[in-house]
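Asks: Construct the entire structure; sequences and hints are all you get.
Spelled out, the chains give:
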Amino acid sequence: MKIWKMSLLVVSMVSLSGCALMGYRSSEPKTSQQAQIQSHGLGTHKTYSSYGAATPSVSNVIYFGFNRFSLDYKAEQTAHKTVRYLLAHSAQSALLAGYTDPRGSQSYNFHLGQRRADAVKQYLIAQGVPAHQLCTVSYGELKPAATPAQFGGDWQKAYALDRRVEVMLGQQVCNGKG
Amino acid sequence: MNRGLPVKRIVSLIVAAFLWIQCAYAVQMIAIQSIPHNISKIIANDLSSSGRFKVFVYTHVGQSSGAQYDLLGGISASRYGRFDLSFKLLNAQRHTLLTQQFANVPDAQLSSLAHRMSDLVFHKLTGIRGIFSTSLAYVAAQERPGSPTIYRVYVANADGSNPQLLLQQIGIPVASLTWSPDGQNIAYVSYDNGDMAIYSINVATGIRTRIADYPGIDSAPAYSPDGSEMAMALSMGHDDTNIYIMDLATHKLTQLTHFGNNTSPVWAPDSNSLIFVSNRDGTPQLYALNLQNGQLYRLTYSGVQNFQPVFTPDGKHLVLMHQKTTSGPIVIAAYNMQTGHMQTLTQGPIDKSPTVSPNSDMVAYTQYGRGNGVLALTNITGTIHVVLPTMAGSIQSPAWSPFFN
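Those protein sequences? They're chains A and B, same order as listed. Under numbering that gives the first Met the number 0, the residues of the first sequence are numbered 0 to 177, in order. Under numbering that gives the first Met the number 0, the residues of the second sequence are numbered 0 to 404, in order.
Since the hints were derived computationally from the structure, they do not count as laboratory data. Note that the structure is predicted; figures quoted are calculated from it, not measured. It cannot be assumed that every hint is accurate.
Unchecked claim - With a cut-off of at most 25 Å between alpha-carbon atoms, the simulated SDA-like pairs for lysine to any residue come out as follows: (1) A/K142 <-> B/L387; (2) A/K142 <-> B/Q183; (3) A/K142 <-> B/D313; (4) A/K156 <-> B/K323; (5) A/K120 <-> B/Q183; (6) A/K156 <-> B/G145; (7) A/K45 <-> B/P162; (8) A/K45 <-> B/N371; (9) A/K156 <-> B/N371; (10) B/K323 <-> A/N66; (11) A/K142 <-> B/T389; (12) A/K45 <-> B/L387; (13) A/K156 <-> B/M341.
Replies: Okay, structure coming up:
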């Protein structure tokens with residue numbers, strides 16, 4: 000369990016640094032498998048299935064301080080890569096997904112995740128990216144990027160990776176979103 | 000429904016017996032090997048998990064334990080693969096019969112019968128309705144190497160047994176489970192097509208319904224006590240997250256707050272007020288809004304953070320996530336509505352998402368200290384602590400059902 004989580008982390012770090020070195024050519028959106036929803040009534044044997052939209056891949060990650068939703072200098076530098084890409088690809092849309100660490104309640108953290116996504120959106124708009132290319136979503140603490148066990152129990156390191164906005168690129172990525 | 004047995008038969012069944020109880024805060028049971036399902040074990044586990052009984056299970060009738068009450072039972076195979084059962088609850092010291100029960104059930108219903116017997120014994124000896132036939136719903140998030148996490152919603156017995164899969168989503172989180180007051184639906188927050196919305200799912204049919212899908216945050220569903228309305232926290236694409244009430248028949252919204260991060264609304268059992276969490280004074284604290292006259296006041300001043308409240312159905316307590324000092328643990332606590340006293344129930348370091356049993360006696364929550372949620376159980380006085388068995392994965396958002404009747 001621990002080993003594969005570590006290897007996942009290594010893979011994601013390599014792919015992140017890959018983005019930084021090679022620019023955005025390496026981070027063209029790829030569609031992963033279709034997200035699937037199935038429900039089963041407990042009083043029947045019926046199953047209902049639906050296929051969600053393709054999950055877009057992550058092209059950039061911007062990190063935040065504890066309980067903060069403003070971009071510091073490093074975060075702005077990271078976000079600027081997305082600015083350059085979106086200005087050069089006006090047909091592309093970017094979904095900005097905001098996340099938090101698990102300190103707090105699930106419901107309370109939705110707000111913080113949303114404010115982080117909104118802050119990145121405002122920065123991109125201020126840098127000239129048209130608002131219609133951007134949309135946001137908050138996952139709050141529901142999708143942690145790391146666990147303290149990966150860092151030998153050092154929760155500060157894990158939680159620092161959780162506090163983030165992921166930039167997801169794709170032509171359909173903002174369809175039907177507010 | 001239950002076919003009574005002739006008295007002579009009962010006596011012989013008890014001689015062939017499987018179950019025997021004594022109590023004064025001690026319940027004793029006797030089991031025989033020939034029982035097709037371990038009924039004594041279920042009843043013993045139910046009663047001891049309540050924290051109110053010390054339970055001993057014996058294999059032979061007549062062993063003296065010094066306990067105050069005896070639960071005595073018998074089982075025999077009847078026709079068509081069914082079983083005849085009898086139970087007697089006795090005051091062991093006064094040698095008086097407190098209650099007795101007869102049943103004829105198929106094999107598949109033996110465990111639910113055992114939970115019903117736990118309810119009967121618990122009610123007889125405490126005066127409080129038992130919750131051993133109610134359900135706990137929870138989310139199990141299963142991480143997979145190189146693939147999206149699978150989020151599953153299970154509905155299990157209150158003791159964690161017999162989990163049944165209700166909903167499975169690949170890569171799409173589910174959170175904030177809450178039962179409708181009639182026990183037929185579970186409302187939740189999720190992300191079909193990557194967009195946040197509030198849904199409900201019918202537990203019997205599995206049919207899902209989208210209830211609220213506005214720009215930004217759609218979260219924290221809470222059914223009104225009569226089930227006709229739902230309180231929720233929406234951002235409507237703005238900077239603030241506010242509390243709204245939706246009429247579920249017309250979907251008409253009424254906005255109740257106007258500034259800051261306002262979330263986790265819960266209805267007082269009398270429907271006259273809403274409690275919610277707000278950061279309007281800096282840190283998250285609980286506020287009470289009188290729905291009759293619109294009066295608003297701050298409820299909690301103890302601790303740096305208080306959130307995710309749930310009412311005990313008797314209205315006496317709010318059970319919530321409580322952090323006393325900035326670097327201290329996040330624990331589950333019970334806030335006494337009358338005295339304002341905050342009673343710590345758990346240790347932390349990060350305990351989350353409390354949910355209260357319909358008899359106001361027990362609290363289920365998740366322990367998140369190691370980054371992987373574990374389903375745990377305590378009581379309203381914090382005197383017992385039990386980890387409940389679950390399906391694999393990180394356990395999140397437990398929700399206790401109402402009584403099903």
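Asks: Please go over all the hints and tell whether each is borne out by the structure.
Replies: For each hint, the structure was consulted:
1. At roughly 24 Å between alpha-carbon atoms, A/K142 and B/L387 fall within 25 Å of each other, so this suggested pair holds.
2. For the given pair, A/K142 sits about 29 Å from B/Q183 by alpha-carbon distance, which is inconsistent with the 25 Å threshold.
3. Restraint check for A/K142 and B/D313: not satisfied, since their Cα atoms lie roughly 35 Å apart, outside the 25 Å limit.
4. Between A/K156 and B/K323 the CA atoms are separated by roughly 23 Å; this keeps the pair inside 25 Å, and the hint holds.
5. With a C-alpha separation of about 40 Å, the suggested pairing of A/K120 with B/Q183 is violated against the 25 Å cut-off.
6. Proximity of A/K156 to B/G145 is assessed by CA-CA distance (about 22 Å); at most 25 Å being required, the pair is judged to hold.
7. Distance restraint check for A/K45 and B/P162: the Cα-Cα separation of roughly 17 Å lies within the 25 Å cut-off, and the hinted pair is therefore satisfied.
8. Our distance criterion of 25 Å between C-alpha atoms is broken by A/K45 and B/N371, whose separation comes to about 31 Å.
9. Our distance criterion of 25 Å between C-alpha atoms is met by A/K156 and B/N371, whose separation comes to about 16 Å.
10. At most 25 Å may separate the alpha-carbon atoms for a hinted pair to count; B/K323 and A/N66 meet this at roughly 17 Å.
11. As the CA atoms of A/K142 and B/T389 are separated by approximately 20 Å, the hinted pair is consistent with the 25 Å bound.
12. A distance of roughly 29 Å separates the Cα atoms of A/K45 and B/L387; the hinted pair therefore is violated under the 25 Å criterion.
13. The straight-line distance between the Cα atoms of A/K156 and B/M341 is roughly 32 Å, outside the 25 Å bound, and the hint therefore fails.
The structure is inconsistent with the numbered hints 2, 3, 5, 8, 12 and 13, although it conforms to all the rest.
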